[in-house]
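> Sequence:
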Amino acid sequence: MTVIEIENLKNLSIIEQLNASLNGTVEHNYGEHILKFDNKLGHGRIRHITFDWGISLIDYNVYFYDDLKIIYKISEDTPVEFLFVSKGKLKYNNSDDTNYVELERFQNIIISNKINAKNVYLFPSKVNVQLNVIQVLSNEYIKKKNNNISSLQETLLAVFQGDSKKLPYKHLGGYNLKIASIIENLNTVEGAGIIKSLSIEGQLNLILALQIAEHKKFIARDTLPDSLSKADMKKIHEAANYIVEHVSSYMSIKTLSTMFSLSPKKLQSGFKLLYSKSVNEYIRQIKLEIARDMIKNTDLSISEIVYHIGYRSRSYFSKIFYEKYTILPTDYRDMLKHNSKVKSE
Numbered sequence: 087m088t089v090i091e092i093e094n095l096k097n098l099s100i101i102e103q104l105n106a107s108l109n110g111t112v113e114h115n116y117g118e119h120i121l122k123f124d125n126k127l128g129h130g131r132i133r134h135i136t137f138d139w140g141i142s143l144i145d146y147n148v149y150f151y152d153d154l155k156i157i158y159k160i161s162e163d164t165p166v167e168f169l170f171v172s173k174g175k176l177k178y179n180n181s182d183d184t185n186y187v188e189l190e191r192f193q194n195i196i197i198s199n200k201i202n203a204k205n206v207y208l209f210p211s212k213v214n215v216q217l218n219v220i221q222v223l224s225n226e227y228i229k230k231k232n233n234n235i236s237s238l239q240e241t242l243l244a245v246f247q248g249d250s251k252k253l254p255y256k257h258l259g260g261y262n263l264k265i266a267s268i269i270e271n272l273n274t275v276e277g278a279g280i281i282k283s284l285s286i287e288g289q290l291n292l293i294l295a296l297q298i299a300e301h302k303k304f305i306a307r308d309t310l311p312d313s314l315s316k317a318d319m320k321k322i323h324e325a326a327n328y329i330v331e332h333v334s335s336y337m338s339i340k341t342l343s344t345m346f347s348l349s350p351k352k353l354q355s356g357f358k359l360l361y362s363k364s365v366n367e368y369i370r371q372i373k374l375e376i377a378r379d380m381i382k383n384t385d386l387s388i389s390e391i392v393y394h395i396g397y398r399s400r401s402y403f404s405k406i407f408y409e410k411y412t413i414l415p416t417d418y419r420d421m422l423k424h425n426s427k428v429k430s431e
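Counted the way this note's numbering counts, the sequence shown spans residues 87 to 431.
Don't read these hints as lab results, they were simulated from the structure.
Honestly, I wouldn't trust all of these hints.
Restricting the straight-line Cα-Cα distance to at most 27 Å, the calculated cross-link-like pairs of lysine-lysine (DSS-like) are [as the list claims (entries may be wrong)]: (1) 173 with 382; (2) 363 with 382; (3) 410 with 173; (4) 173 with 251; (5) 363 with 321; (6) 175 with 122; (7) 264 with 204; (8) 351 with 303; (9) 126 with 173; (10) 282 with 173; (11) 252 with 321; (12) 382 with 423; (13) 177 with 303; (14) 231 with 282; (15) 264 with 316; (16) 358 with 321; (17) 321 with 200; (18) 251 with 200; (19) 231 with 302; (20) 230 with 200; (21) 229 with 212; (22) 316 with 177; (23) 177 with 320; (24) 252 with 159; (25) 159 with 122; (26) 351 with 316; (27) 303 with 256; (28) 351 with 175; (29) 200 with 155.
Could you put the whole structure together from the sequences, leaning on the hints where they help?
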């Protein structure tokens, strides 16, 4: 395992410290500090941008060949950090021991640590991780006119005020599709100079607002319209497994919603979060994948396979199979037989 330790030093940037171990190249463009690397450790990009009033962004799009640990040492300034994992997963703890918690994809996460402590991120091997970290130095942010921090939920307000009784703090909240969408836009902002920096800062503020709103709703045991709880996510997984196990059955969104006690909107949001597909798109994908495997591994006729996956029209099945695999089902079977014959000769 590779271990990288980052000192909270103002005269040596985070990117330069990371690069001392990752051995990539560093670019500086209009306030963006970007590290790119592609070597025996892995490949990817890490970006760091600082804004006024103690706000900064660190985003990672990385893939490591072995587990990699990054340790951020907290010195005199204790940031409140808003995390969001857009892809993959990783682990975190606040003391560099073995008591890690898993940071899950699309989950709203807020952390803050004690002075002279450590924030430890463990990136797993062979997993593409996309992580956004918005850091807020509260002692700087409160100098901002109309900061309105008094409207924060009680516990988070105490964290912002540096109340040592509330530290270390860790909020593992709900799962939010809207935040995921905005972060996707944040990572693809075009333009340069003031246009790009204003766009990034505007979207950063929107992400912060949504993460704070989710936190407030979560503590009140309520949810935002675009948020899902752990219980909701468990039901989405169960619905997906049900689709696979009952591929021959007719399944409508209404039926699945009733069966798993989720509103149609939450059901759709959950499938978008977990599988990047609508419910109907997911059902069709599963049916086609099962049909493809049956063509390859069984002697059932195409008509029998069509019936098995719950379709009644062979022509419709052939149409969507071709759209997915650019080959007709009968031609696919003929190709498999030909390849098998060639190998045996």
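> It remains to establish, for every hint, whether it holds in the given structure.
A quick look at each hint next to the structure:
1. For a cut-off of 27 Å, the pair hint linking residue 173 to residue 382 is broken: about 32 Å separates their Cα positions.
2. Simply put, residue 363 and residue 382 have alpha-carbon atoms about 26 Å apart, close enough for the 27 Å limit, and the pair holds.
3. Pair hint residue 410 plus residue 173 holds up; C-alpha atoms about 24 Å apart against a cutoff of 27 Å.
4. Of the supplied pair hints, the one linking residue 173 and residue 251 is violated, its CA atoms being roughly 33 Å apart against a limit of 27 Å.
5. Between residue 363 and residue 321 the CA atoms are separated by roughly 16 Å; this keeps the pair inside 27 Å, and the hint holds.
6. Restraint check for residue 175 and residue 122: the C-alpha separation of about 20 Å stays at or below 27 Å, so the hint holds.
7. At most 27 Å may separate the alpha-carbon atoms for a hinted pair to count; residue 264 and residue 204 exceed this at roughly 30 Å.
8. Straight-line distance between C-alpha atoms of residue 351 and residue 303 comes to about 18 Å, which keeps the hinted pair within the 27 Å bound.
9. Distance check on the hinted pair: residue 126 and residue 173 sit about 22 Å apart at the alpha-carbon level, within 27 Å; holds.
10. Proposed proximity of residue 282 and residue 173 is supported: the alpha carbons are some 24 Å apart, at most 27 Å.
11. Note on residue 252 and residue 321: the hinted pairing is violated, with a Cα-Cα distance of about 33 Å set against a maximum of 27 Å.
12. For the proposed pair residue 382 and residue 423, the alpha carbon gap of about 9 Å is at most 27 Å, so the pair holds.
13. Taking the CA atoms of residue 177 and residue 303, the gap is near 25 Å; set against the 27 Å cutoff, the hint holds.
14. This hinted pair checks out: residue 231 and residue 282 have alpha carbons roughly 24 Å apart, not beyond 27 Å.
15. Of the supplied pair hints, the one linking residue 264 and residue 316 holds, its CA atoms being roughly 17 Å apart against a limit of 27 Å.
16. Proposed proximity of residue 358 and residue 321 is supported: the alpha carbons are some 14 Å apart, at most 27 Å.
17. About 36 Å separates the Cα atoms of residue 321 and residue 200, which puts this hinted pair outside 27 Å; it is violated.
18. Our distance criterion of 27 Å between C-alpha atoms is met by residue 251 and residue 200, whose separation comes to about 10 Å.
19. Proposed proximity of residue 231 and residue 302 is supported: the alpha carbons are some 22 Å apart, at most 27 Å.
20. As the CA atoms of residue 230 and residue 200 are separated by approximately 23 Å, the hinted pair is consistent with the 27 Å bound.
21. Note on residue 229 and residue 212: the hinted pairing is violated, with a Cα-Cα distance of about 43 Å set against a maximum of 27 Å.
22. Annotation: proposed proximity of residue 316 to residue 177 holds, straight-line Cα distance about 17 Å (limit 27 Å).
23. In summary, the hint linking residue 177 to residue 320 is supported, as the alpha carbons are separated by about 20 Å, within the 27 Å threshold.
24. In summary, the hint linking residue 252 to residue 159 is supported, as the alpha carbons are separated by about 19 Å, within the 27 Å threshold.
25. Of the supplied pair hints, the one linking residue 159 and residue 122 holds, its CA atoms being roughly 23 Å apart against a limit of 27 Å.
26. Of the pairs offered as hints, the one joining residue 351 and residue 316 holds, with about 16 Å between alpha carbons and a cut-off of 27 Å not exceeded.
27. Of the pairs offered as hints, the one joining residue 303 and residue 256 holds, with about 16 Å between alpha carbons and a cut-off of 27 Å not exceeded.
28. Taking the CA atoms of residue 351 and residue 175, the gap is near 25 Å; set against the 27 Å cutoff, the hint holds.
29. At roughly 20 Å between alpha-carbon atoms, residue 200 and residue 155 fall within 27 Å of each other, so this suggested pair holds.
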